[in-house]
Amino acid sequence: MNLLYGEEEHELRSAVRQVLSDRSPWSAVLARTESDEPYDRSLWRTLAADIGCAGLAVPEKFGGAGASWREAAVVAEELGRAVAPVPYLGSVLAMAALLATEDEELLPDLAAGERTAVLALPLSTPPGAVVLSSVHADGASLTGTVTSVADALAADILIVPSSDGLFAVDAADVTRTPIPSLDLTRPLCDLSLHSAPGRVLGDGEAAERAWSAALTAGAAVLASEQLGVAEWCLDTTVEYVKGRHQFGRPVGSYQALKHRLAELWVSVTQARAVARYAAGCVADDDPDAAIAVSIAQAHCSPVAVRAAEECVQMHGGIGFTWEHPAHLYLKRAKSDAIALGTPERHRAALARLVGLSA
Amino acid sequence: MDFAAEDLRDRVRDFLGTHDHTTTDRLEFLRARFDAGLAWISFPVGFGGLGAPRALQPVADGEFAAVGAPNNEPLRIGIGLGMAAPTILRHGTEEQRQRWLRPLWTGEEVWCQLFSEPGAGSDLAALGTRAVRDGDDWVVNGQKVWTSLAHEARWAILIARTDPTVPKHQGITYFAADMTAPGVEVRPLRQITGEAEFNEVFLTDVRIPDAHRIGDVGDGWRVAQTTLMNERVAIGGGAVPREAGMIGVVARTWRDRPDLRTPGQQDTLIRLWVAAEAGRLAAQRLREQLAIGQPGAEGSAVKFAYSRLNQEISGFELELLGEEGLRYEDYSMRRPSIVEWERRSPGYRYLRAKGNSIEGGTSEILANIIAERVLGLPSEIRVDKDLPWKDLPR
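From first to last, the protein sequence lines are chains A and B. With the first letter of the first sequence counted as 1, position 191 gets the number 191 in the numbering used here; the numbers rise by one all the way through. With the first letter of the second sequence counted as 1, position 336 gets the number 1336 in the numbering used here; the numbers rise by one all the way through.
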């Protein structure tokens, strides 16, 4: 498996980066965090529909671009770099679940970016977890609650795992309560369903396979987002310490900072390799996918967090202020480390997967 | 020449058709392989190669290995293959390439590296071994250190000071030194493992013909960059499967010895296992970049990460073993010619790994290199930059 980026991936990256730099500079992202519209719907429409980010991993027969999770992961890198307030991760999770159930009804609309679906699970759910949903179905009518769901505030459709299978539910039929979220740029909400009408997508093993596939693909794509977050933090910090002078020298000329940044760069280089490997394995349906994804999560989570923490620290006083974007990345990085399984959960999973349990 | 893997396979098969390794003398076979351009295939025609992409080398090696043909014992001649050869190829004269490359590749002539000195480690350019011109020769005096394989080597790549009156980088010249010449004395240098992988080399009035100078007089520092660049790739860049190397040793111990396992150690083990995979995949990605002609500074990153990982894993291994970790194999003085991690004891691995972050550029120097050359951070303040070498404090 090749771990480099292809020509088309470079083009996709440039297109996404251009839109983000034109439409979503960090100052706009910061301003939006305290507005009534935490998600940038117009930006999401451009990315999802015009550039085609929503349907990258969807085969052409379902109206998608027929690319793969590799390309989807490149988009995640750029969105991570920009901490863009768009419902991409939630949408990736839902899309992967629907691909597993081959749902012909929703996929074409979602792939075209005309509607957005997200997976209704707590964002902290790790791949391979036994999903104990409090939601139950009475026929096709769903009741229960789901807490800490990512991107549901920006969704038209909710893909709801329940004790009786996997359902598609119109978001308008669900009470969505925004909660103050650690990550300002990916606000969460709690869902409350009271006899909400649903359409069954699969039950029993088919349902479990669907959300399990979704969590695995989501965790692979998340690793690339974490890579993007880490890259932004590293690049921004390096530029800052070159220009910031104390004691008559750029602070970046002190080995105390240079060596930490060099170490961070080494870790980011590794993060790129493991994130590419995870995306490649998921794209190819490789038997190593579960291992690759847990390696990527176990490595990329702490790297992104360290990058963001170093970014705050090395910016000194300004890095601790609300007016500087560093905190947006710190909050995203720390939330991402908990999202779809903490590093420790992924290490525990790896111990089982590679036969190294105590 | 445009090469596909299949062309190369055909060439190797044709060669094997006319050279039966089971009946040909080992050295004759290797010399013929060199002459057929099937040695280091990326080298030019006439010097053991075909001018083919470096990425195809495993294809050629694999074909030879598949039939059980003898190889040139690359581990034993790593310094020649990885450092001397690229330098001779790039900076040597036609005559020098003809003289040295073939016996270097076949392993007939082992090479060592006379670079580091007791007073010039990280600051290699401050070296004080002197070479003074005398007719057609240079007369060399000085002391080199940390020299692997000096006791087996026929040749050495050597850098020496030819002009002490100019700043340190400018007065250095690069030579090939005959290790059998009068005045070359090799003494084993015992290391913390008890054995002597390295040597000290004392040079007393050693005469080196000017014909063995590589590159111009005073241009030795630039020539040495080719050697050093290749050293970092040679140390950290080999292709490896999952659980190769030290992590594999510990993983096997863990699987075979349920009595040693604890939940706390499981998480430490998996942390190291993940770090090993991250390092392995980053090295794989680096090789892919090199194969398409995008060499990156990632070579430094690979070596940097590998050193620390080896140290952490070997330290973990000793603690995992508990009581057994208290016992050492044998501190008696020996002179191994290659480092064999896996066949040695955990105590040896722990001690030997301490050298990884020192040999081939300390981790601190690598961090400086990454910070300055990759990240573009301001370079260290160099108070010695413009001073003549002879005036430097030492």
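A couple of the hints might just be wrong.
[As the list claims (entries may be wrong)] Within a straight-line C-alpha distance of at most 16 angstroms, the following computed EDC-like cross-link-like pairs (lysine to aspartate or glutamate) qualify: (1) A:Lys61 x A:Glu9; (2) B:Lys1354 x B:Glu1380; (3) A:Lys242 x B:Glu1380; (4) A:Lys334 x A:Glu309; (5) B:Lys1390 x B:Asp1123; (6) A:Lys242 x B:Glu1312.
Source of the hints: derived by calculation from the structure; they are not laboratory data.
The hints, checked one at a time:
1. A:Lys61 x A:Glu9: With Cα atoms ~22 angstroms apart, A:Lys61 and A:Glu9 exceed 16 angstroms; violated.
2. B:Lys1354 x B:Glu1380: Violated, at about 26 angstroms.
3. A:Lys242 x B:Glu1380: holds, 13 angstroms
4. A:Lys334 x A:Glu309: Status holds; Cα separation ~9 angstroms.
5. B:Lys1390 x B:Asp1123: Holds, because 15 angstroms separates the two Cα atoms, which is no more than 16 angstroms.
6. A:Lys242 x B:Glu1312: Violated, because 32 angstroms separates the two Cα atoms, which is more than 16 angstroms.
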